[in-house]
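A.B. asks: Here is how the chains run, residue by residue.
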Amino acid sequence: MTEPGHMAGDAGARDQRWQIRVRGLNKSFGAQHVLRDLDLDIERGKTNIIIGGSGQGKSVFMKHLMGLLAPDSGHIFVDGQDIVGLGDVAMGKLRRKFGMVFQYAALFDSMNVVENIAFPLLERYRLPRAEVLERVRVLLRKLDLAQVTGIEDKSPAELSGGMRKRVGLARALIDRPEILLYDEPTTGLDPIATKNVDEMIRRTADEFGVTSVVISHDMASTFRIGDRVSMLYEGGIIMSGTPRELLHAPHPVLREFVETSGAVHFDRPSAGVP
Amino acid sequence: MNPASSSGDHGAVAAAPAVPVAVRILDWVFGPLLGFLASVGGHIMLLGRALAWLFRPPFRARLFFDQMEFIGVGSLPIVMLVGLFAGMVSALQAVLALGMFQQERWVGFGVGVSLARELAPVFTALMITARAGSAMATEIGSMRITEQIDALTTFAVSPVQYLVTPRIVAAVIMLPIMTMVFNFVGLLGGYIIAIEMYHVDFGQAAALYRSWISSSDYVQGLIKATLFGLTMALTACYQGFNTRGGAKEVGLSTTRAVVTSSVLILILDYPMIQIFSVIWPFKK
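Those sequence lines, one after another, are chains S and D. Numbering-wise (the numbering used here), the first sequence opens with residue -5 and increments by one. Numbering-wise (the numbering used here), the second sequence opens with residue 18 and increments by one.
Hints listed in this document are in silico derivations from the structure and should not be mistaken for laboratory results. Please read all numbers here as calculations on a predicted model, not as lab measurements. Honestly, I wouldn't trust all of these hints.
Said to hold, decoys possible - In silico lysine to aspartate or glutamate, EDC-like type, Cα no more than 20 Å apart, as pairs: (1) S:K87 <-> D:E213; (2) S:K52 <-> D:D167; (3) S:K136 <-> S:D103; (4) S:K40 <-> S:E239; (5) S:K57 <-> D:D167; (6) D:K265 <-> S:E109; (7) S:K87 <-> S:D169; (8) S:K40 <-> S:E228.
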């Protein structure tokens, strides 16, 4: 259920359990009020899923977490530091804590796979070429991309949807972020590729010990990989808790969302539910 | 669900008559003007940011050279082809017109001055707008809609510094160089027509060209080319950068970039001629 008692005042302190704490976030685009007094806590080292239908403001919210969009009002505390209103330099440093996997990977068309993955390292540090290449190759192996023939020199256009997602994840992981943001990672993938991407998210969370924030409308994925689920509806969080708590939440919108997704039935919970 | 629609249909119906007719008329009259002013302001701000980023590290020389190669070397064949024919056409017209008064020997000066002051900078800018300006708007627009520009930001890379600054600088450097190529090839075209085909006396034509044309004619053309390069790259980057939506919007951005910069090039040409005619009047 929604975490009670987190006022903006105490959210600013560094907390062992919560890595990101969002308080009273508002964002409008013209007459459209997308985020309305949004409060949310992201648990450190866990896979936090934010579910919601199309147009509920999931992507807009995600972009606030990395400072890609600025809120009209509200606070976002990352390890106790309010990132709202940070200058370019401070925001640039803070962004090193984050890695973001975009909905359609957002790989740079003008670069090959290795150049894409190495990009954050080459931009941020002066490292020997051999070391950069080695780190890229380690990630290619860990993400099961190394066995694809000629993968290093392929351009993004030559990759399948699932492979693009994995290259996007490799690029997000290369600078060893503490927090990984996934924007609808399974959209546009077939069921098998979806399952593979889910496993990849789960494995990445376990292996690299990162805090994952996944926005999704895929209930099956949510139950497969989520430690903690929050539902975004009309610009606010209407429920936060474990997947099991989600299943028993009384909110009618939530029940409808879960039931119509086909992933689980309230009378007959699926075996995948923790 | 769209939050705006969450209030239900009755809210929308009730809201419609609430906008007074006078406001709607004002919006109809001043809306386009405000849009135009916002666009001008947006261009100026983008230029300001691009110039500010030019002097801040990191400096990525490779991006500048890549763009210079694309705008310059990549446009060389089309600029040379158009330059050759522009020179040939103006020489042909000049020979035919001057022939009425047996004054064909002025053909070198006529072709040279029209190339230097007008044809070379304007045609080069239009050709490079069609080729490189459209490509810039399309590439940046595609990067915007596929979130590649957001991705740059997540790696703490300024998209303006990475994408816009190199294109503007490269265009400002390469347009004058390509204009000189156009001039050279144009004169060659003029030579082929006037001297080789119409047997105008080369010595006389060359002597008149040398004594009547001055370096200021070429300086004028090069100043124009610099300004046209800036206009072309800024417009293309602005349109690409402000693309929202999908493939259709990328196409529209490209169209707007090419049409706007072509029109601006032709419009800006006029006041510059006025200014240059005061600074460098024709010799009498």
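A.B. asks: The structure should be examined with respect to each hint, and the outcome stated for every one.
C.D. replies: Tested hints:
no.	hint	verdict
1	S:K87 <-> D:E213	violated, 67 Å
2	S:K52 <-> D:D167	holds, 16 Å
3	S:K136 <-> S:D103	violated, 23 Å
4	S:K40 <-> S:E239	holds, 16 Å
5	S:K57 <-> D:D167	holds, 9 Å
6	D:K265 <-> S:E109	violated, 29 Å
7	S:K87 <-> S:D169	holds, 12 Å
8	S:K40 <-> S:E228	violated, 25 Å
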